[in-house]
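Here the protein sequences line up with chains A and B, keeping their order. Residue 129 in the numbering used here sits at position 129 of the first sequence, with consecutive numbering throughout. Offset between the second sequence (1-based) and the numbering used here: plus 1000.
Misleading hints may appear alongside valid ones.
As the list claims (entries may be wrong) - Which chain B residues face chain A? A few, computed with CB under 10 Å, are given here:
id, residue
1, Asp1023
2, Ala1128
3, Ile1135
4, Leu1138
5, Arg1140
6, Val1165
7, Lys1178
8, Tyr1188
What the hints contain is simulated information worked out from the structure, not anything from laboratory work. Heads up, the beta-carbon is just placed ideally off N, CA and C, and yes, glycines get one too.
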Amino acid sequence: MNCKNINKKIIFYLDKNLNKEEYDAVKTHLDGCASCKALTGKLKDALMQIELEKDVRPDPYFYTRLQTRINSENQAQSSVFSKIFQPAMAMLLILVAILSGIVLGNRYFTSGNDQLQITENQYYTEDYYLDEYSYEGIQYYLFNSKNP
Amino acid sequence: MTDSQLIQQIVDNQAGAFKNLVDAYYPMVLKTAHGLLHNREDAEDICQDVFVELYQSIKKFRGESKLFTWIYRITVNKSLNYLRKRKRTSLTDNLESFVFGRRRKGLQDEATGYFSESNPKLENEEQACVLHKAIDKLPRNQKIAFTLSKYDDLPNKDVAQIMNVSLSAVESLIHRAKLNLQKSLISYYKAS
Chain A
1 MNCKNINKKI
11 IFYLDKNLNK
21 EEYDAVKTHL
31 DGCASCKALT
41 GKLKDALMQI
51 ELEKDVRPDP
61 YFYTRLQTRI
71 NSENQAQSSV
81 FSKIFQPAMA
91 MLLILVAILS
101 GIVLGNRYFT
111 SGNDQLQITE
121 NQYYTEDYYL
131 DEYSYEGIQY
141 YLFNSKNP
Chain B
1001 MTDSQLIQQI
1011 VDNQAGAFKN
1021 LVDAYYPMVL
1031 KTAHGLLHNR
1041 EDAEDICQDV
1051 FVELYQSIKK
1061 FRGESKLFTW
1071 IYRITVNKSL
1081 NYLRKRKRTS
1091 LTDNLESFVF
1101 GRRRKGLQDE
1111 ATGYFSESNP
1121 KLENEEQACV
1131 LHKAIDKLPR
1141 NQKIAFTLSK
1151 YDDLPNKDVA
1161 QIMNVSLSAV
1171 ESLIHRAKLN
1181 LQKSLISYYK
1191 AS
């Protein structure tokens, strides 16, 4: 068996997954080949890491932390309804407030129906300001004044 | 207590039933997650995710497979999903460094000079790092089969149940995983 063939069987040799004939042949080669023997040693050390990593010590506080997480997730789920309901109600109230403002504003600030006919073709329309006082134009006095 | 009795107790909200489940399966889940992720903290996070999912969906368990098979499947899926997410994050990090010219320290950069000191602890860490890289390079199914067989010491029959494949498929996967692992490790050692 040459080194190239041995290199394909090292991991199975280490795992003892070869039949007796192959196992003995690999062993014989390794006894006589320093480079293959060194490579086998390195591969064995690398695979030993698996054995070391298998020994993972459980965390004694794992269940406590798990319980805390489950409780917080349960609380988060139960407040989903309030998280949807409250913003929806808030939006609805804002919408109602805006619509009410528009309706009230339209009723208070009337359209140009209150027109005072000055002449046949001229009309005087009263303007209203926010302070609820109407603007009394000079022409209002001139056209409506009882004083000659 | 059998698995079905334990599940029934959990469904009935009996005190301590879920804790019994956690106590029984936590070491197994931790070992599997650690074998796939090679990181203790990540493995602990996956354990939490697994048991939270168990808690939420134990009532839906129909008993078509064994409980431990179901738990192993959840553990493997969550671990692999985590690895996929981590890979995506590292891809965006690499893209960022490429675009902005920032050079992120890779494992080899950290290893330069660090592993050159003769220190048995560092040599162990280097070997572990090399082994992890070689295992991570394995195709998905080979990696799962190898990890379940080597880290969890599960018989091939149980691995076949967990992976939902035939026994011969598992044997073939483990065989190919060993060949690929051997190839990676030998090429690394010959190069170094």
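Status of each hint after checking the structure:
The beta carbon of aspartate 1023/B comes within 7 Å of a beta carbon in chain A, closer than 10 Å, and the hint placing it at the interface holds. With its C-beta approaching chain A no nearer than about 5 Å, alanine 1128/B sits inside the 10 Å limit, and its interface hint holds. Hint status for isoleucine 1135/B relative to chain A: holds, with the closest Cβ pair at about 9 Å, below 10 Å. Given hint, leucine 1138/B at the interface with chain A, is violated; its Cβ is 13 Å from that chain's nearest Cβ, farther than 10 Å.
The interface hint given for arginine 1140/B is broken, as the beta carbon of that residue sits about 19 Å from the closest beta carbon of chain A, more than 10 Å. The criterion of a C-beta within 10 Å of any C-beta in chain A is not met by valine 1165/B, whose closest approach is roughly 20 Å, and the hint is violated. Interface restraint check for lysine 1178/B: the shortest CB-CB distance to chain A comes to about 5 Å, inside 10 Å, so the restraint holds. Hint status for tyrosine 1188/B: holds, given a least beta-carbon distance of 9 Å to chain A, under 10 Å.
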